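S.K.: Could you put together the complete structure from these sequences and hints?
The listed protein sequences derive, respectively, from chains A and B. The first sequence runs 53 to 396 under the working numbering. The second sequence runs 2 to 124 under the working numbering.
Hints are computed from structural coordinates only; laboratory data are not their basis. You can trust all of the hints, since none of them are fake.
Pairwise CB distance ranges, derived in the manner of DEER restraints:
hint, chain 1, residue 1, chain 2, residue 2, range
1, B, 15, A, 161, 52 to 58 Å
2, A, 356, B, 76, 25 to 31 Å
3, A, 156, B, 18, 50 to 56 Å
4, B, 23, A, 209, 55 to 61 Å
5, B, 37, A, 117, 33 to 39 Å
6, A, 181, B, 104, 54 to 60 Å
7, B, 75, A, 343, 35 to 41 Å
8, A, 156, B, 104, 56 to 62 Å
9, A, 312, B, 94, 54 to 60 Å
10, A, 279, B, 13, 52 to 58 Å
11, B, 98, A, 61, 43 to 49 Å
12, B, 105, A, 370, 34 to 40 Å
Since the model is a prediction, treat every value here as computed from it, not as a measurement. For every residue, glycine included, the Cβ atom is placed at its ideal position computed from N, Cα and C.
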Amino acid sequence: MRITIQTKGGEFEVDCEAGDNMLYAGLKAGVTLPYECGTGTCGTCRCRVMEGDWELTWADAPGLAYVKQEKSETLMCQARMKGDCIIRVPGEITKEDSGPDHFCGRLENLQRLTHDVASFSVPLDRPMDFMAGQFVVLEAPGLDGGRAYSMTNYGTGVSRLDFVVKRKPGGGVSDWLFAGSPVGIELGVFGPLGRATFDPAEDKNVVCIAGGSGIAGMMAILDHGVASGHFADHTAHVFFGVRTEKDIFFAEEFRRSVEKFPDNVNVTIALSDAQTTDGLAEKYPGLNFATGFVHAVASERMSGNYDNMVGYVAGPPPMVDGALRMLVLEARLPGTDIRYDKFS
Amino acid sequence: MSDWKKVCAAADVPENALRKFDIDGKELAVANYGDGFRVFPPYCPHMLEPLAVSGMLDGGILTCGKHLWQWDLKSGEMKGLSEKDILLYDCKVEGGDILADLSQELSYDWEEEDELDDDDFFN
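M.R.: In structure tokens form, the structure reads like this:
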């Protein structure tokens, strides 16, 4: 089966397998197709199908609001090919030597971190190279469609992906993880994906603003900055928003990073629904605490100090929007220095 | 032939604010960038994001909240991640009112009916 991708910059022909969606088929071949969530919500991977037989995998995907279905426009991530297709895709698109791919692995090491947050690992069938801050789409048997999860680890030739998941009512994979006995079940993995990446070679200070399980990618960024010695001469400000003390996790991991570079690594836990107490600072040495929404706390604590900085944002959509506003309007970071994932 | 119409009073749009108006069946966004005003279709040229709702304006720079595409409203030029120009109506302030020349047909390609026949599709 073959997909022909027509773009402003030229045409790309890509071989693909039956059942592939258009986005993954193109990305796998190295075509730099536009996407953000890869799971049907954001609408960024729109295209127009000029010829060919295909079907929607999720007919109610929220991202379809961004396309004119009556004009054969669709979301590449939700368009499963049933034969050769010709599509047109807007934007600046090129072809690289390689791209993300399909992997698989059995879920292991499931651990509860709080009442509604768990971590787990997926050892892969073969190693993956990915940057701190990237994500994959996980597919579980019996669950329709995939869900995007950021890895808490990073590296070259990585044989095991580490994740953290917050239970959301009606969140297919998270319900399945929390309610069932998922250990040992084989998951499909597509990745790595995402441009909210950290590269020490950029020579920048870092501010991370995360809510809930949005902290996942920030843990990889923090680890990479510590392990590479980047934070010996660059600052890291991490703001982690949770509701109350019982929602705090990764405190020990934060403490270890702060201990390595105490002058430059700063972690603040923002409690949205509880007052801070003296007991917290004693219980969690090295961490700072504040009351308020995480982007408001970040705004106050950073107090205009955004020199040579790149900002990372992840979490629930309203929190992400608040943090983006803050980084655009207060920090005045250029769009190229603001990196975020808006999964919902 | 130009068709100057009042869009709103200048005082209706404070500095760094974005407001949406409907004039003669045309949807218009008005931005006050400090040194002046701009009038434009109220949607991002990328993916139709409503700029008067989730757009951000500061220091003359308009930022779309969806993918952070940016434009310098003083010069009208693209900035940063932006891949498309923003279309601007000619506008002026007279007697405390903002007027725009609505004879201009400003539309982005996602509004064009004949784009299928256009070699420069989605441009």
